[in-house]
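> The chain contents come next:
Protein chains: 2
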Amino acid sequence: MLLEIITIGDELLLGYTVDTNAAHLARELASIGVSIVRRATVSDDANDIASAVREALDRTGAVITTGGLGPTSDDRTRPVIAELFGRDLVPDEERWDALRALWKERGRGEIPETNRTQIMIPRGATVLTNRHGTAPGIWLEDELGRWCAMLPGVPREMRGVLADELFPRLTARLDGQQRVVVRSRTLRTTGVAESKLAELLGPLANGIDGLALAYLPGQEGVDLRLTARDLAPDAADAALTGGIAALREMAARYAYAENQTDLASVVLNECDARGLTIAVAESCTGGLLGARLTAIPGSSSVVIGGVIAYSNGVKKGLLGVTTESLERHGAVSQEAASEMATGVRRRLGVDIGVSITGVAGPGGGTPDKPVGLVWMAVDVRGDVRTHGSRFVGDRAEIRFRATQAALDLVRRMVAG
Amino acid sequence: MLLEIITIGDELLLGYTVDTNAAHLARELASIGVSIVRRATVSDDANDIASAVREALDRTGAVITTGGLGPTSDDRTRPVIAELFGRDLVPDEERWDALRALWKERGRGEIPETNRTQIMIPRGATVLTNRHGTAPGIWLEDELGRWCAMLPGVPREMRGVLADELFPRLTARLDGQQRVVVRSRTLRTTGVAESKLAELLGPLANGIDGLALAYLPGQEGVDLRLTARDLAPDAADAALTGGIAALREMAARYAYAENQTDLASVVLNECDARGLTIAVAESCTGGLLGARLTAIPGSSSVVIGGVIAYSNGVKKGLLGVTTESLERHGAVSQEAASEMATGVRRRLGVDIGVSITGVAGPGGGTPDKPVGLVWMAVDVRGDVRTHGSRFVGDRAEIRFRATQAALDLVRRMVAG
Chain A
1 MLLEIITIGD ELLLGYTVDT NAAHLARELA SIGVSIVRRA TVSDDANDIA
51 SAVREALDRT GAVITTGGLG PTSDDRTRPV IAELFGRDLV PDEERWDALR
101 ALWKERGRGE IPETNRTQIM IPRGATVLTN RHGTAPGIWL EDELGRWCAM
151 LPGVPREMRG VLADELFPRL TARLDGQQRV VVRSRTLRTT GVAESKLAEL
201 LGPLANGIDG LALAYLPGQE GVDLRLTARD LAPDAADAAL TGGIAALREM
251 AARYAYAENQ TDLASVVLNE CDARGLTIAV AESCTGGLLG ARLTAIPGSS
301 SVVIGGVIAY SNGVKKGLLG VTTESLERHG AVSQEAASEM ATGVRRRLGV
351 DIGVSITGVA GPGGGTPDKP VGLVWMAVDV RGDVRTHGSR FVGDRAEIRF
401 RATQAALDLV RRMVAG
Chain B
1 MLLEIITIGD ELLLGYTVDT NAAHLARELA SIGVSIVRRA TVSDDANDIA
51 SAVREALDRT GAVITTGGLG PTSDDRTRPV IAELFGRDLV PDEERWDALR
101 ALWKERGRGE IPETNRTQIM IPRGATVLTN RHGTAPGIWL EDELGRWCAM
151 LPGVPREMRG VLADELFPRL TARLDGQQRV VVRSRTLRTT GVAESKLAEL
201 LGPLANGIDG LALAYLPGQE GVDLRLTARD LAPDAADAAL TGGIAALREM
251 AARYAYAENQ TDLASVVLNE CDARGLTIAV AESCTGGLLG ARLTAIPGSS
301 SVVIGGVIAY SNGVKKGLLG VTTESLERHG AVSQEAASEM ATGVRRRLGV
351 DIGVSITGVA GPGGGTPDKP VGLVWMAVDV RGDVRTHGSR FVGDRAEIRF
401 RATQAALDLV RRMVAG
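Residue numbers (my numbering), protein chains in the order written: chain A, 1 to 416; chain B, 1 to 416.
Derived from the structure by calculation, the hints contain no laboratory data. Some clues are possibly wrong.
[To be verified] Here are some, though not all, of the chain B residues that point toward chain A, as calculated from beta-carbon distances under 7 Å:
| no. | residue |
| --- | --- |
| 1 | V18 |
| 2 | A26 |
| 3 | R39 |
| 4 | V42 |
| 5 | Y310 |
| 6 | R395 |
[Stated by the list, open to error] Residues of chain A clear of chain B, computed beta-carbon distances all greater than 12 Å:
| no. | residue |
| --- | --- |
| 7 | E105 |
| 8 | G124 |
| 9 | D164 |
| 10 | A193 |
| 11 | K196 |
| 12 | L201 |
| 13 | G242 |
| 14 | T285 |
| 15 | H329 |
| 16 | G382 |
| 17 | D394 |
| 18 | R395 |
| 19 | A405 |
Even glycine gets a Cβ: it sits at the ideal position worked out from N, Cα and C.
Excised from the complex, chain A in its bound form (with noise of 0.2 Å):
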């Protein structure tokens, strides 16, 4: 199945708004078997609305649309398609009631007349119910079978729309077919660089098995995507499956999660089955550590709380970094690193302490210190290990790249 995605509206075109929403709707139609060979955005104007949707429907005969649904005379999208159909519009007033019902229940009191647009429904479509807003989706075809589904532009009810609608019904019509599907796995590195990783996987760098393998360095590492295309739906799955295991066994220590999962989730699950728990000691990263980690739900069985150190005098006076180590070593040095981490262990009574000093920049770079040079420390129980490395990137990167590696040096120690 071929279709095209045309995304309306004059915030998407001017650029105020990134559209998300293409992007989303095509991995997702993807790993259906559906695939998208164009996709286009155009304005609020009925014009532009009508050229872009009939020339998709004269190429591909299946088209979505998002955006242009609501009550305002900007949204054009219903009326204007209904028209390329060769269809009226005819008024849902059980919709209506229940649109009216909603609004009370909400407590806005009685619904404005201007919002009937929105229950005027091309004849013999199919509406696509909305449980996230007010704008219903719907599904016009025609006797050629040439069919277009308008959904809504707000982000969180098109996916709503897609899930609870769209996709059972695109779904039931591919049933039988001779499907392919496009489908990734993704496996997350840190700690490695690209090329390393690449002689590190050997046979594998280049793909496995028809498998495509890419490369995608960023903040958190390297993340591995697997991506299987034009095979059936199982085929696809047990291919991944395996080239994943393959990956990981091969990426060994590097290898921490599969696709979206965060470092400090890992982290946070490695502590709590060993009934471990932790405390941060942050300079340079000023807290970024601490809120990375209690950023995952049920993190407070693991992490107690933290010391941000920013100040030599807070190193000293809270965590205990000795001046001789300040005015021998300086305060990014590994000793400091290493007195931090255990400073903030003893001194809070936790398990773990994982400490981070260093040059964020832009300013404050030495040739001894260049910016981006960070130490880390964590100390298990008494036992210290030690990091440094100069990370590349600007201010926000190189926080981001500590709190990263502090997190990976705290896994490897825990995890063994």
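Start from chain A and add chain B according to the hints.
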């Protein structure tokens, strides 16, 4: 001037990459008076590229493409568009020498011959120099004045070539023409609901003197975006300056900055100007407030540090929160927040202590203390103010909104 944008690449079409180039291009171009009438995304396939570009040239005679300029066999933009314009590709040997030198300079050794594809330029085309990567942009124009500008797909490179090469070229073309632009400015507000803000704005609530007003509610508050359309550049800027000043007066103490400026940066400036130092005491936000403050370069002149008091033990041990308060009122209470703020101020010897304690969810809520309930306190040299709020959203939103409200409390106390 009307034009169309075509972004090229399988990754974009499959939704693995969200297309941020298109939005950036549209905003920038609109600001100098170029109207984007349509945007499309196609695969790396030569036929798909050719038909999309041909159709766009037929409609508007002006096209900007991104992507497909690299050295691999997937990169077909250059030959396909050269053929559309009836041009052959000729090698640019000077460019080859420069590229070869660059590779050596970067320690990559001898450049592979495959990279020669990147110096193949359509006959008669103008090279748009890329200072941030190896794939140059290309400007191609026919005798009828129809043109296509090819830009690289990597966002940083695309932005560079746009700013350095394409922007000046387009501005020169528009010079002397009666041009009208689309430009925007945004006033940021926080701590006030959209409906209340509309009331405050009174007669300006629906726009000012032909400037459109958009309410953009988000985690940071409600941004007010004023947009001037179809005005000459100078008139647009003058109208926006006047409009922002008028909005600022009506929004009064809720307005804290313009455009992208973060509230943390505003707070740091206010403190710095008065020589005030600051420390944080965070429970449910776990370091996020500290992370936001220290994300700003130069924050070390104001931020001394803080305590992440995730557990009650840390609240008592490091911050001096009393057992009585915790037992009688609980960790999420006005009393605990107040003691945390004063505790961290004294402990770290600073002018301002800021605290946050709340129920971030998804678990941990009770009928008395539901998910989203957050208490904040600010102690400025002994003058303590507290603020309780019930935030909506998921864990991440509740935490972020809490840091925003705490920062705003500091801003109001410090700025008076």
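> Now, for every hint given, state plainly whether the structure supports it.
Outcome of the hint check:
no.	hint	result
1	V18	holds (5 Å)
2	A26	holds (3 Å)
3	R39	holds (4 Å)
4	V42	holds (6 Å)
5	Y310	holds (4 Å)
6	R395	holds (6 Å)
7	E105	holds (17 Å)
8	G124	holds (29 Å)
9	D164	holds (20 Å)
10	A193	holds (14 Å)
11	K196	holds (16 Å)
12	L201	holds (20 Å)
13	G242	holds (21 Å)
14	T285	violated (7 Å)
15	H329	holds (19 Å)
16	G382	holds (21 Å)
17	D394	violated (9 Å)
18	R395	violated (6 Å)
19	A405	holds (16 Å)
Checked against the numbered hints given earlier, this structure breaks hints 14, 17 and 18; the rest are met.
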